[in-house]
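K.L.:
These protein sequence lines map, in sequence, to chains Y and R. Quick note: to get the numbering used here, add 1176 to the position in the first sequence (first position is 1). Quick note: to get the numbering used here, add 6 to the position in the second sequence (first position is 1).
No lab work stands behind these hints: they were computed from the structure. Take these hints with a grain of salt, some might be off.
Calculated lysine-lysine pairs in the PhoX-like style (CA-CA distance at most 20 Å, straight line) [unchecked claim]: (1) R/K33 / Y/K1526; (2) R/K89 / R/K68; (3) R/K89 / R/K34; (4) R/K34 / Y/K1526; (5) R/K120 / R/K89; (6) R/K221 / R/K33.
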Amino acid sequence: MFNLPAFKQLQELVRAGTDEDVQRSLRASHMGTADLAVLLSPAADNHLAAMAARSAGATLMRFGRTTQIYAPLYVSSFCTNRCSYCGFSADNKIERRRLSLEEAEAEAMLLHRRGFNHILLVSGEAPAKLGVDYLEELALRLRQRFASISIEVQPLSSEEYARLFAAGITSVAIYQETYDRETYEKVHLSGQKCDFDFRLEIPARAAAGGMREVGIGALLGLSDWRAEGLALGLHLAWLRKNFWRTSLTVSFPRLRPAAGEFQPIFQVTERDLSHLIFALRLFDPDVGIVLSTREEARYRNGMIGLGPTRYSAGSCTAPGGYSNPETSGEQFAVGDHRTIDEVCAAIRQKGFDPVRKDWDAGFQSLSS
Amino acid sequence: MLKIADRTFRSRLFLGTGKFSSADTLKKAIQASGSEMITVALRRVDLNDPADDIMNVLDREKYLFLPNTSGARDAKEAVRLAKLARAAGSGNWLKLEVTPDPRTLLPDPIETLKATEQLVKEGFIVLPYINADPILALRLQDAGAAAVMPLGAPIGTNLGLITKFQVEIIIEQARVPVVVDAGLGAPSHAALAMEIGADAVLVNTAISVAGDPVKMAAAFAMAVEAGRAAYEAGLGRKSSEASASSPLSGLDFIKNV
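If we strip away everything but chain R, and leave its shape as in the complex, we get (with noise of 0.2 Å):
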């Protein structure tokens, strides 16, 4: 089972809650994912509004309430806005987003860094959203994060997981658990996070936006419970050349002496 800080997850699938039509088809494409992780944006929430259409559909004996900064420029609107809702009720867990450019959405490191430090001192339970870059994913480990959070492609894109290459290296170096998030477009795309070692993967808009978000949902559950079957059952390698049967073959001038 999954586990971050002292939580541990069936799921390895977590669920966004933006772009949605309604808040009906958000509930029923969270029961469907069989997600136990559930991220809220703020900004699009009143926690003092006990009517705020999102948050009733949220229950939170059966999910983990993960609340993010999204729209946050800098390490000090994030801090900010996280201990507001932190006062409002929302918990100590938080998926730290430090977005500057409106366009790409992409992750400022340096302020990522610098509020994850403050924030840890603070008690949260920190998961940075980053760009998929080792070397940031180690400084934010060291920091105190509960997890990190590279991106497979920015966020919307539905490119999926084109940072594949730097996402195994922080893979490989990882104490704590990996989650790859925003730009997986597809089922296939969470299955090869899961099949690369991913610990778990966080998926929006491909859910939102689909035809059919409720089914596409029950997608993406497969696909990530089969790419974590694959992972430990241990991929074979990929070769372009077809291997011997016999893996001594050739090798027979080898003698046994």
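Looking at chain Y on its own, in the form it has when it is part of the complex (with noise of 0.2 Å):
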């Protein structure tokens, strides 16, 4: 099981680098967890170029000159959980709608023919509304015209995993949003998702059912992103260790205007969010890292090669949103509004090569 130390114990950490350790740290051939703490404290906000030039040199090794590209495709937005800062908050009185399978694999063909090859299928989290049976037949319905479907959805139990993974589901996202127990059980109101230890252990659980790729994240505004940045590397290398078949990603979505009366409790600017992803990219140079259209386009175009390996395009965070572009209810407001053809033509103006597709359903028997 995986051991998070307390967060007050971390905040201590990434606040005790000196300028010596961090220069020592950034000289350093391999990165521990150590590392990683000096490179996110507050003297290495001074080392900011040095360490984009080292983030952009080792992501250019790993993944070379290209950056991946998908598309979410919200299924659902009813929820039984009330977290103060999610647009998709059961007491929020928005639109709630849950696409009927024919829907979603309309929804989803409209992206394929705008280029897309891999997608994230999202919904909040109310099983009674969207449970595996929808997750595994939606699934069965786009395998073969996808290269790969990922989820972004409630827990499940590794079983429930093995049999969407069965289905052609490759990959699972399950957020932690934050580390900080206090903030988490402030935030996270009533529902499932109240119980932070449970929540803690379904990235290890989705490896365990055999997903070639888990993603984690912290929602960045909920609390000391320094913290959180030491906590997410923890995470993943104890993930590494334990599921060393699997593809890790990790993303920082940094919260955005939505439903509701939220205002985020920390500010986390756009030098934050760098810093983070720079010191994550040297602590894990596989490590895959998603920048998403929360984000702006200025912002997005001027991080390409630095470290992100993986771009949305053209997102609506509102079920239904891509069919009728009038549909209200997103979970929140997207910072970019680029089509995938402008993001693509953004990317090559970079130098690095848009790839829509880097997998393939073949992997995986139909039967299986």
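Dock chain one against chain two, each of which comes alone in its own frame, and use the hints as you go.
P.N.:
Here is the structure:
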């Protein structure tokens, strides 16, 4: 089981680094968690340019001049959790919708026609409205048309993950939102998601269920981003040790305007976000780093090649929003409104190849 | 000339197609390399899409298309992917990659052997990517592999021929061509592999992430030719002592009686 140190302790660790420590860590050929803490420290704020250069170098070596492209497909906004920061929170009075399998398939095929080959199915957490049967059926319908299908839905059991893997879903994103237990309990007001320890176990369950890829993340704006970064590094390192066959990705979504009254508890700037990305890249040269349309086009363009390896594009966060752009009930407002072609053109302009297909349904049999 | 299975190749430089900034740069790098064998990750291309950017770069009249199973975690996945690709017209040649650890991308010897046995039975011309393990190389050639592809260093590391000692044993024992694959980060690394008698090398990252990939492709081509020529010419033995120019000096006590 993953043993997460107390958040206070992590906060102390990420504040202890001196300028000398930072310089030493930047010279190290292998970085451990102690180096990660140093690189996340305020002392490292003055070394952002050096970190960016090293991060770009490590990303280039491992991932080349490429950036993967994907799109989220929101299938349901029903949710039984009350989470103060989320537009889908059960007590928000938004128009709720669950796409029928036919509607979801139609949305997916629309994305396919726009040129997407990797899709991420997203839903609120309401197992009675949208359970494993639905996801399995949808995956079976889509698997031959997409290079890969990922999910970001409620926590499932290892057996359920294994069932979905057999149906063609290869990747699971499940974010802790915050590794700060105290804050976690404050912002998760009711529902299954209230249980911090339960949620912390889910990435391991997905890996144990045979998923090829597991994505973890922290929602920036809830707590101290430096300590969140160290917690993510520890979580990644533990997952690597225990599930060596599983690819890992990490994401740092910054809170965006959403339904409800919630205001970020901590301000996290683009500079802070970049700092986190560079530090995690130096700590783990192999981890996939996702930069979604939560961020603005200007920032996303600037970050191409510096650490992130995967960009979403043309995203809509309301179920049914691709077929009908007038759809309301989005999870949050996106920051980058460009189409997939515009995003790909910007990536090319930076001398990178926007990769639309980097997996193949053929790895798995249809019957398994 | 290099012969693998029933094909001959003038160039002993094989090229990988990953990590390039565009299909156009890839095309120019292939031309500059003079390579006749190009490997492509099946996960990266859509064989059924006539507009696929990478497949459109590969003139299959000019180059041997060597699809690879990059991403396969076990024999089952690799075999399945290979068969689907062949059904979609990719041909009989296959670079077998079974790499269950997404971090190091090191090949699984057990699953690689299993997959080779199956694929050979199914009529594939199999070139397995392996760690530089001489016994595994022997087992694979016994199983019918058309060549063996030991790594110089892990994929994408540019560390060079750090497995030189084992690769030399593999070359000495091999009945099939030995292609040093992965980890070669500079033309000098490729030249070294050729000097010790490798039949060919496969290069990708060192070219695709170079400042000027096209120029680097040409540089590798020259290094491979130089290394091969040196091997054929017969390299002198290395020694830390100066050796007398007259081979019999110091031996003049030996009488011709």
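K.L.:
Holds or violated: R/K33 with Y/K1526, Cα cutoff 20 Å?
P.N.:
holds, 19 Å
K.L.:
Check whether the Cα positions of R/K89 and R/K34 lie no farther apart than 20 Å.
P.N.:
Measuring from Cα to Cα gives roughly 30 Å; hence the hint is violated.
K.L.:
Check the hint pairing R/K221 with R/K33 against an upper bound of 20 Å on the C-alpha distance.
P.N.:
holds, 13 Å
K.L.:
Could you grab the alpha-carbon distance between R/K34 and Y/K1526 and see if it respects the 20 Å cut-off?
P.N.:
Holds - the C-alpha atoms of Y/K1526 and R/K34 are around 19 Å apart, at most 20 Å.
K.L.:
Holds or violated: R/K89 with R/K68, Cα cutoff 20 Å?
P.N.:
Measuring from Cα to Cα gives roughly 24 Å; hence the hint is violated.
K.L.:
Mind checking the alpha carbons of R/K120 and R/K89 for me, to see if they're no more than 20 Å apart?
P.N.:
holds, 15 Å
In summary, the numbered hints that this structure violates are 2, 3.
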